[in-house]
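A.B. asks: Line by line, the protein sequences give chains A and B.
Going by this note's numbering, the first sequence opens with residue 1, and the numbers climb by one from there.
Going by this note's numbering, the second sequence opens with residue 1, and the numbers climb by one from there.
Worth flagging that the hints you see were computed from the coordinates, not collected in a lab.
Yeah, the Cβ is synthetic: ideal placement off N, Cα and C, and Gly gets one too.
Certain hints may be false.
As the list claims (entries may be wrong) - Okay, derived cross-link-like pairs now, DSS-like style, lysine-lysine, Cα gap no bigger than 30 angstroms in a straight line:
{"no.": "1", "chain 1": "B", "residue 1": "Lys271", "chain 2": "B", "residue 2": "Lys694"}
{"no.": "2", "chain 1": "A", "residue 1": "Lys160", "chain 2": "B", "residue 2": "Lys597"}
{"no.": "3", "chain 1": "B", "residue 1": "Lys597", "chain 2": "A", "residue 2": "Lys521"}
{"no.": "4", "chain 1": "A", "residue 1": "Lys38", "chain 2": "A", "residue 2": "Lys67"}
{"no.": "5", "chain 1": "A", "residue 1": "Lys105", "chain 2": "B", "residue 2": "Lys597"}
{"no.": "6", "chain 1": "B", "residue 1": "Lys135", "chain 2": "A", "residue 2": "Lys521"}
{"no.": "7", "chain 1": "A", "residue 1": "Lys157", "chain 2": "B", "residue 2": "Lys597"}
{"no.": "8", "chain 1": "A", "residue 1": "Lys130", "chain 2": "A", "residue 2": "Lys160"}
{"no.": "9", "chain 1": "B", "residue 1": "Lys415", "chain 2": "B", "residue 2": "Lys439"}
{"no.": "10", "chain 1": "A", "residue 1": "Lys160", "chain 2": "B", "residue 2": "Lys439"}
{"no.": "11", "chain 1": "A", "residue 1": "Lys67", "chain 2": "A", "residue 2": "Lys103"}
{"no.": "12", "chain 1": "B", "residue 1": "Lys237", "chain 2": "B", "residue 2": "Lys201"}
Unchecked claim - Derived, one-sided and incomplete: chain A residues facing chain B with beta-carbon distance under 10 angstroms:
{"no.": "13", "residue": "Pro186"}
{"no.": "14", "residue": "Leu264"}
{"no.": "15", "residue": "Met401"}
{"no.": "16", "residue": "Trp409"}
{"no.": "17", "residue": "Arg514"}
{"no.": "18", "residue": "Asn527"}
{"no.": "19", "residue": "Leu530"}
{"no.": "20", "residue": "Leu533"}
{"no.": "21", "residue": "Leu540"}
{"no.": "22", "residue": "Val559"}
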Amino acid sequence: MRGAAYWVLGAFLAATIAALAAWGSLRAAEAPSGFAAKLDLRALESLAVHTDGRLNSFESFARYTLKFVSGPHRINGQPPVYSYMDMMVRPDAYESADIVWIKNKTMRQDLARALTQAGQDAAWAERFMKTGLISPTLLQQPGVQAMIDNWSRDLIKTAKFVDQIQGAMHLRDPRLLSSQLRVIPPPPMDAGRDRSTPWLSPNELYPQDATTPELVENIPPELQSRLRATWSALIAAWRAEDAPKVNAAIAELSSELHEVNQGLYPKLERLNAESTYFKLNHLTWVWVLYFVAVVFLLMSVAYKWEAARSLGMGAFSVAFLLHTGAVMLRWYVSGRWPNSNMFEAVTTSVWFGAVLAFAIEIVARRTAMRNLFALTAAVASGAALMSAHYLPQLDANIRNMMPVLHDIWLYIHTNVIIASYALIAMAAVTAGLYLVGRFFGAPASYARLGGTDAVMDLADSGAVTPAADGKPLRKVPLGEVLDGATLVLMEMSFVLLWAGIVMGAIWADHSWGRPWGWDPKEVFALNTFLVFLVLIHVRLKVRDKGLWTAVLAVIGCAVMLFNWIVINFVISGLHSYA
Amino acid sequence: MPNPTNTPARSASLPAPVRWVLDLFSSVWFGIFLMTVLFFYCSIGSAGLFYPIGLNIFRGENWHIEFVRQWPMFELTEFEWFHTLFFDLNIALLCLNIAVTTVRRIRLSWLNAGVWMIHAGIIILCVGSVIYFAKKVEGDAPVFRRSVRIAWTGEGTARPVSIPALPGNRVEVPAPGGVYVFEIASIDPAWPIQSEENKGKNAFSVSIGVTRPDGERYIRQLLDGYPQYTEDVIPGKGRFKKQEGSEGKAIFDEKIAMELTLEPQDRFWIKDSWALLSRAADARAWHERPIKGLPRYNDYVPDPSDVWAAPGEPMRVQPLNIAVPSIDADDPLRDAQVRVTGFLRYAIPQTQTLTTGGASLYPVVDMDFENATAGGQRVTLAALDPSANTAAQGLVAFRWVNDAEALTRLRAAAKRTLTVGIPALNVRETVEVSADDLKDVDAAPWRDVPGTEGKYAYRIKGVADNLAMPAPDESGNTSVWILMVEFRTPEKTFTRFVADIPGRSRDVDSVADQAHGMSAPDPSIAAEYTPALLAPVTIVAGPGDLGIRAILNVGGDVREEPLKPNQEVRVNEMLTMRLRDWSPSGRTEERPTIVPKAQRDADVDRASLLTMCKVEITRAGKTTARWLPFHRYAFTDDGHTDASLGRFMPTKVTFDDGREVELLFSRQSMALPTRVALMDFAVTSHVGGFEPGKMGSIRDWTSMLAFEDPAAPGGWTPAKSMSTNDPVSYKGFWYFQSFWDAPRMPRFQGDPGSNGLNYTGVGIGNREGVYTQLAGCCISVAGMIYAFYYKPILRRRMKQQALTEAASAGRLKTHPGSNGAARNGSGAHGDRDAGSMVTQDERSVLLGRKEAGR
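Please model the complete structure; the sequences and the hints are all you need to start from.
C.D. replies: As structure tokens, this is what we get:
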């Protein structure tokens, strides 16, 4: 009973942290003050914008687009939709504003030095060094242009950063911003041809010459007129900072856009869900909750403190629920199971790990291994979600899948492989704990049998459910428990990894024309498997089985991570999308 | 998992050496050793030697990578690295080790069935792989959609010709009365048919521009599958059948018949192979010589004078000597010895200007510039070559003056001016064209011509300085300087390209005229353009005492500075320059330029297009050498090439006896079992349709392939659909959707661009042994599940059964398996083995059963 109370307390603690984080994310997404604060941006955010074969919410589209201008920073702390519209309608206001992000810190230093000499004050230089944001006006100064020209010649160190700067300068152009804002669906056509017909930007309602574009012509003239009038009213009211009129125009525009092609326009719920998903930072901050769970679960392992065990499981359960919510929300928003790019593979992989941890916890609930699997899943999920939260390389933007991924094997091969990766990471956690224990002088104990055997053996031992006299049937050393848990996880990952490699070969056979092509990703999946093959056979032969198992499980995890990080980011191969 | 060491080997009767070998191959440690070797071999071969050099390991530049297999001592592809003798031997020993260990040390029983299955599965997988990789053939080929067949309907006219339907393809056909020119003007892969009976359908449309010997031009549009809709269009007038006098006929020129025909592919090019092809200059078919042992990843320069080195990178001078023997009786070089002596992984042919070695007037200057912020730059300029006489976007120029008078004129040409006049109104004004005027020409304001009451106005639309002329004109001019000016008159608005050479100015009246070219200037408006010949830094040289100097046109001041070798001249506060060398008689020379590694395209396919090899042909005691550029596909002519498929640049060699032979460096090819044709090709898109350049909008590609089959109606099998993840199988080969003809914008003037979908890229390969591999994999997976998850349950059952039997036989003090003694009694722990849940008497029962089981 007391355990249940602690569980609830742990869950409550995690839920409170989650509520604060969600409130913070949503609050940060709101406009700070002034004209922007009076606008009903939610109506604007839930407009559908067509780009790159997908219908995005305006919120996610603006957020993604402006990353190419201001990097990870918000322009003037404004919501992305507001910044997008305002830059498009009132570009002059942004000429002297610090909106272009310079990523390279050495380039920042050089620019700060040169511009300080040219008259910029020290406070500006300090701010610039911190944020990397600079105004277009300063970037267009002749001296700065000369520096940029010079950087563009250094193809190894700086040319790509110059491309990024030039891309940002180009993208902030109001003409480009307005032409990319394709919010008008094509009108209904025969045989569903409207699905393969381009969407239009409001610009196209105002042809430059006498001829109206054919696609616009297909919209009923009366609706065309209303769209023009509403868009003009919106722009005029925005320029005049007349918030009520802007809100009225946005509402009217939203209604008219739906009217153009009700069948093609995405559901409002889906667009709202997409906006919310990104405003909530794709819930990758759940890593905090996982680490809260880790703290308690570690305490329960180290000190056998029952309250910590329950607190940890409560926190882990809430973290897992939110993690599940994030995966399901992304599934709903993207219209496909999220496993087809690096961000999705990482976050879904550890979700599989957490699901399997729960399943194993149920099986092993009467053994000394209980909660260890939750602990391993919490560590793996926490680390993975933290990476997804902080590393821009794991791009969270939702895009269409590459054509080659449209296959049933995406759901079989990829899920099996990423689940095995999660288990490998989890096995490394128990292996790591075992090594720490050994480092601090724990005896060289190990599980007498394999993983499944170990679970049954420990269940029989009464280590958790003791005999009637209240004493355990056998005092099970922690090393044996950790080694047993490593074996449970390692055996599952071993089977799944091999099965996943085989399934990948079947897919590759009909996709690329060969089941095996010695692609780096394939080779390092095989290498990971080889490490576990060695582990199984070394365990047969050595005396200190626990130590060798732990060392090789950690090496196996390192090879798996090498495959996922280095092979993906550094060596280009056929699997570069995941 | 069973412990093989627990089962003794039963080979005591064998001779000692045999026993040692058997013991070695049944050693688990030996297997572990082989797997460890395999791990390191795979790691090094695939990722190379890899270590971080920065903290953020998620950034590529923070890693150093050394691809060992690409080192000059190896030069192996991934496929080759994983098929070396070392690798094959490792796998063979591992299989032997698994087999011997399994047979000798793991008893075949229900308990051990899982391990047996895993080991058997892995051996079957290896056997399948031996079959697969030994017989593997893999390559690719483009399959083009259609050709245009052109025939004359009358007798005694030219022979029919055929040109592949690719934008810009062109053929000139001599015919009675003169030469006809046919050019693919445009292709629309999905032309919407407007005729009632087929309205709503799309067809592959090819428009061919025809220029007849009499200068008459028309465009014929062909729709694939709808020959009844073939019609001619007269430029500027529209469809012929809508014109007066056509009597409703769609065809303007009935003498010429055109149709779209299939363009089947009969071969494919093998992945990672090299070949030298040759043919007599007047022949079409190539004769192939495989090049064995040609490197792939490193440069092998026979001699430093063979190439231009990559700036700042060491040049690797190491000649090759690879004999390339003929294997074809019809090879035109059968009587010659052919060797490859050089190889460049990434190089482009480049002409460089040298200050030495010239025999005639060709002034060349070699300068160093040093900018305080932008660093140093070396500039070599040739005064008489308009493409090489300026640098830094025209900020630096090199001019040659014949005499002092020319030098004086040059000094005066510091500003760009435009003179506009209306002769009829006798008005005229000269204005300076500043840099500001050229900044935003799209928004340039109209300027009224004074004295015309606003009826005449003009605005600057652009500038094109120093355009090279194809050949010097009668006055010896090698370049022309042009200002683009838009004029508005009471009658019309038009653009004039105002040239500094008055006779070369031209008017462009309308869009229609652009297609036809330009017209002579309208005499009612006069315009003269004086370009600013003086760049901010102009190096001027002349014969004799004129020597070499710099005229600096900076900040509104014009000053002159003498130039002496290695003497610094300050241009302004930021910039200095220094003369390295100059000569009035320099020269140019073409060699391959090695592209610096940092500037190379990381895409392997695109990069391969810039590979070159040096071939030496020794014939009749004389050796001829050529650098040959790599061709991904050895087509017979340039009609099949485009930007993606690569160039077609055969190298012609003329021998002393007058024999002309063309050479091509490409890949080995293999004949397909039967020809394959592309019947239809479509790209399917996500919502919003396909957007060129945006891969995210593409859902899939579908190629409809047909195979030549004399027994089939029409000689072709019914079309089979090939798309991503959905290959077509035919006569032992699988055909995969590999690449495609993507739309592209025009890249230069005269480039028609392309709407794409004119060919599909087919990957072709066999796959013998795949099902054996698959069987091995499935058996091993089943074995793993059995060993890890069924075996523990089975063992429990067996244990329970043994203990139950023992209990019923009265050999156990406690009830088996229930731990009853421990739970019900006290002090029972002492009976138990410290490491397990088995009591001592249970253990003796189980051990007894185990012994009996043997």
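A.B. asks: Hint by hint, note whether the structure agrees.
C.D. replies: Results for each hint:
| no. | hint | verdict |
| --- | --- | --- |
| 1 | Lys271/B to Lys694/B | 28 angstroms, holds |
| 2 | Lys160/A to Lys597/B | 15 angstroms, holds |
| 3 | Lys597/B to Lys521/A | 24 angstroms, holds |
| 4 | Lys38/A to Lys67/A | 25 angstroms, holds |
| 5 | Lys105/A to Lys597/B | 25 angstroms, holds |
| 6 | Lys135/B to Lys521/A | 24 angstroms, holds |
| 7 | Lys157/A to Lys597/B | 13 angstroms, holds |
| 8 | Lys130/A to Lys160/A | 21 angstroms, holds |
| 9 | Lys415/B to Lys439/B | 16 angstroms, holds |
| 10 | Lys160/A to Lys439/B | 26 angstroms, holds |
| 11 | Lys67/A to Lys103/A | 12 angstroms, holds |
| 12 | Lys237/B to Lys201/B | 26 angstroms, holds |
| 13 | Pro186 | 8 angstroms, holds |
| 14 | Leu264 | 7 angstroms, holds |
| 15 | Met401 | 9 angstroms, holds |
| 16 | Trp409 | 8 angstroms, holds |
| 17 | Arg514 | 6 angstroms, holds |
| 18 | Asn527 | 5 angstroms, holds |
| 19 | Leu530 | 5 angstroms, holds |
| 20 | Leu533 | 6 angstroms, holds |
| 21 | Leu540 | 5 angstroms, holds |
| 22 | Val559 | 8 angstroms, holds |
Taken one by one, the earlier hints all hold for this structure without exception.
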